[in-house]
Amino acid sequence: MTQAAPLADETLTPGVRGGAPSSGLERRLDHLASLEAESIHILREAAAEFSNPVMLYSIGKDSSVMLRLAQKAFYPGKIPFPLLHIDTSYKFPEMIEFRDSYTGEIGAELIVHQNREALEQGANPFVLGTQRCCGLLKTAALLDALAAGGFNAAFGGARRDEEKSRAKERIYSFRDSHGQWDPKNQRPELWNLFNSRIEKSESIRVFPLSNWTELDVWLYIHEENIPIVPLYYARERQAVVRNGSIVLIYSPDELLPGEKVQWIKCRMRSLGCVPCTGAIRSEADTVPKIIEEMISFRRSERENRAIDHDEEGSMELKKREGYF
Amino acid sequence: MLTFEASERSESLAAFLEADLQKDLLRFTTAGSVDDGKSTLIGRLLHDAKAVYEDHVASVQKSKINRSGGSFDFSLLTDGLRAEREQGITIDVAYRYFSTARRKFIIADTPGHEQYTRNMATGASTADLAIILVDATKGLLTQTHRHAYIASLLGIRCAVAAINKMDLVDYREEVFARLHRDFFALASRLGIPSVQCIPISALAGDNVVRRASGNMPWYSGPTLLGHLETVDFRQTRSLDAVRFPIQYVIRPDLRFRGFAGQLASGTLRSGDALVALPSGQETRVKAIVNFDGDCEEAFAPQSITVQLENEIDLSRGDMLVSPSYQPAVSRSFSATVVWLHADPLRVGKTLLLKQTTRLVKAHVRRIRHRINVNTLQHEPAKQLEMNGIAEVEVETNQPLFLDPYAASRATGSLILIDPVSNATVGAGMVRETIVATAINQKEGHFPSLVTELGEVTAEQRQRRHGHKPGVLLLGDRRPLAKSLEQALFRNGFEVVILDASSLAPAMLCTLLGSLYGSGLLVLCTNASLGPQDLAELPSEAIFRLSDAISTGTPNAGTDKRVTQYALAFADKLRLSPKSDPARRES
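Going line by line, the protein sequences match chains A and B. Counting along the first sequence from 1, when you hit position 184 you're at 184 in the numbering used here, and nothing is skipped either side. Counting along the second sequence from 1, when you hit position 173 you're at 173 in the numbering used here, and nothing is skipped either side.
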């Protein structure tokens, strides 16, 4: 029976993320270094093989990590593709502020796209419901923006551990000419060999963070000092409690009849649109405290997003239509 | 999972972060058939390791479906897609993530029904360890053999047999002892070096995360999770040499040229000598450039950017390697192929092949035999159906830089793509190059047609011969080749005949490359070379009998006519046709 002792001989070399040499055996990277190496490989591979890639930039923590990985992948060159933000116009003002200052600072090219037509017709989640609102302001807007830019590959920050249907998503996720995903007809994906062959009008969604967990993302943000939107940190904020979740209030027009604003010390676990993304009560005002909170909470982060709970399998349905 | 008491706060938080950052990552795959209780096992593992979010547990409790026969259906924690829930089967590889105080884990959960081979090969391709489920009430089945075989084929070196449903055999030690013996025999036959058998009940939770001392006092080994947390899954290094496939060239301005890629094997330090393939040019590492500052050393599988000391010809698809131990450079090799697509593999059909960062045209020249995954017997085969495994001979239009899969997963693996449908249709593991490459290794040259072989330059050779080299493809006209040889020789050309009828394509290319590189006119007969094969040569250096015949002139194919055409072709290769008449015999 071959059962070796725990890896007692493994120590870390300062400065270099990875394991120490040990004769005759492979050297192992620690888990973040291993994920980083894989993600950078994916980013470079897609940038090399697709004529016109774009990076979906959602401004959230996962996007921040993906952006840092792209900086590393092409250093000392600039990121060789633009960033695309689908702006529903219902995003938190802090997100937009952060987006503009940070992308400017790192010299990334930013494209902002809105479904103007739907917005002019007054699309909002209160009238349409989250499903239809997301369909118009996110999914349709995304497909329009991809078509308008002629992008044949789009990087997204989705992780397989976020939600059950994402567990089966490929790293290179094939989309037909309507941007749709067919979960039963995915290309097999072996080793780190990705198939980038597509016809005109077809595209690939590329997920460099597929194998990262929420904790990995936070650990990496901590290790790498990656700037994130301040909404992730707990602070006293003006909010109301609506259907059991904490909704931030930026102006009195956002109040529903009978609601009253209160100061709540809270933070966002994931960033979406103001009306549909709830905050959580929290004292975590630093990254280590967020990590600490996370490991004691044990609740999945998408729980506070209304859209996943509309019906069983709702995320899978949205993804089939082209949602990220 | 991650237990963390609020009272221990900041000090232990720092300690936790420190410890967590040092954890390594074990990727494993799970194999089992529909009724082995695999989903239940994974659900149990995740649940008992506290790696399942409370809201997921709540949504399972709320669900209308419960197939488990127990109060809680653990399999629902992992079955992701609607179709699967409706049909009660898992149709595709799903990846799960969890972490304990000691390690991080990625599970490639592979479903066990008719598309099994394809899914398991996919899951196993990135895994270091395989859990193979064995139903204690049934013993080792055909599928157990299949699972263990695929794991060994994909290069997994640690196998765990989880002997499940021990509750249904009254937790009897003799049942476990028999299966333990059987599984060890199987693993040793397949050459899997690290093996562990663990008696469990996924339904009851025995020996998965919690010890089942009450039910199985006779078992003193680790629990399944205990084993996963401690097993040394590092592979013995079989390839120390550097393999660095160039993935992307970073060129922000004229001063900087960096070669980016994921180190496939070996360790790289600044100052190290390297050889570039296919050019054969020598170089040295000037710096390993990093976003966080240059680093002295990098090792596989890190993604790195390298600056070289001299300007050499290097682009995506090329490879930097250790000068002392180079990969085989070959267009012809044998491989074990797993077929992934409903349209079967056909001999001779043109496919695309991706290996490291190289994409080339390829076809399967011959199926040596199919491997029956249930009996491991070799069977003759004319084609290969989906989920079939076969040993085949592959030929490519460009050379690949290859190591056997057994020595290096990264440079010995390949995928096959249908050029029409763009589907990924096959996965291959390189066994060996078909033409002995020892000569190439020793001499440091490769069957690339334009490589200079020695110290004498092409110009020097051309000056001596008075002409540039060329290749004349004469089909099966051997008598014509002989008369042409005389005619060309008389007219001052250095000329040689190469008959390809008994040569493997890679050997033909090596010879053709050598002769061409020596500045000769090569009269080549019986060579089945396509336009792609000679793509490296300038078109004015190639004469094709078929082109001469297709001019439409009457009697174009006669020896006399072809000789005229060939002499006219050769005259254009002269350095200065009129200036050196002394070399001509009148």
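Just so you know, not all the hints are guaranteed correct.
With the C-beta cut set under 8 Å, the calculated list includes, among others, these residues of chain B facing chain A [stated by the list, open to error]:
| id | residue |
| --- | --- |
| 1 | Ser-125 |
| 2 | Leu-340 |
| 3 | Tyr-565 |
| 4 | Phe-569 |
The calculated BS3-like cross-link candidates involving lysine-lysine, where the alpha carbons are at most 25 Å apart (straight line), are [said to hold, decoys possible]:
| id | chain 1 | residue 1 | chain 2 | residue 2 |
| --- | --- | --- | --- | --- |
| 5 | B | Lys-23 | B | Lys-50 |
| 6 | A | Lys-200 | B | Lys-50 |
| 7 | A | Lys-72 | B | Lys-23 |
| 8 | A | Lys-289 | B | Lys-361 |
| 9 | B | Lys-23 | A | Lys-200 |
| 10 | A | Lys-289 | B | Lys-23 |
| 11 | A | Lys-78 | B | Lys-23 |
Hints were generated in silico from the structure; no laboratory data involved. For each residue, glycine too, the CB sits at the ideal point set by N, CA and C.
Cross-check of the supplied hints:
1. Ser-125: 4 Å, holds
2. Leu-340: 5 Å, holds
3. Tyr-565: 40 Å, violated
4. Phe-569: With a minimum Cβ separation of about 38 Å from chain A (threshold 8 Å), the hint on Phe-569(B) is violated.
5. Lys-23(B) x Lys-50(B): Within the cut-off at roughly 18 Å; holds.
6. Lys-200(A) x Lys-50(B): 46 Å, violated
7. Lys-72(A) x Lys-23(B): 22 Å, holds
8. Lys-289(A) x Lys-361(B): 53 Å, violated
9. Lys-23(B) x Lys-200(A): Violated, at about 43 Å.
10. Lys-289(A) x Lys-23(B): 20 Å, holds
11. Lys-78(A) x Lys-23(B): 32 Å, violated
Checked against the numbered hints given earlier, this structure breaks hints 3, 4, 6, 8, 9 and 11; the rest are met.
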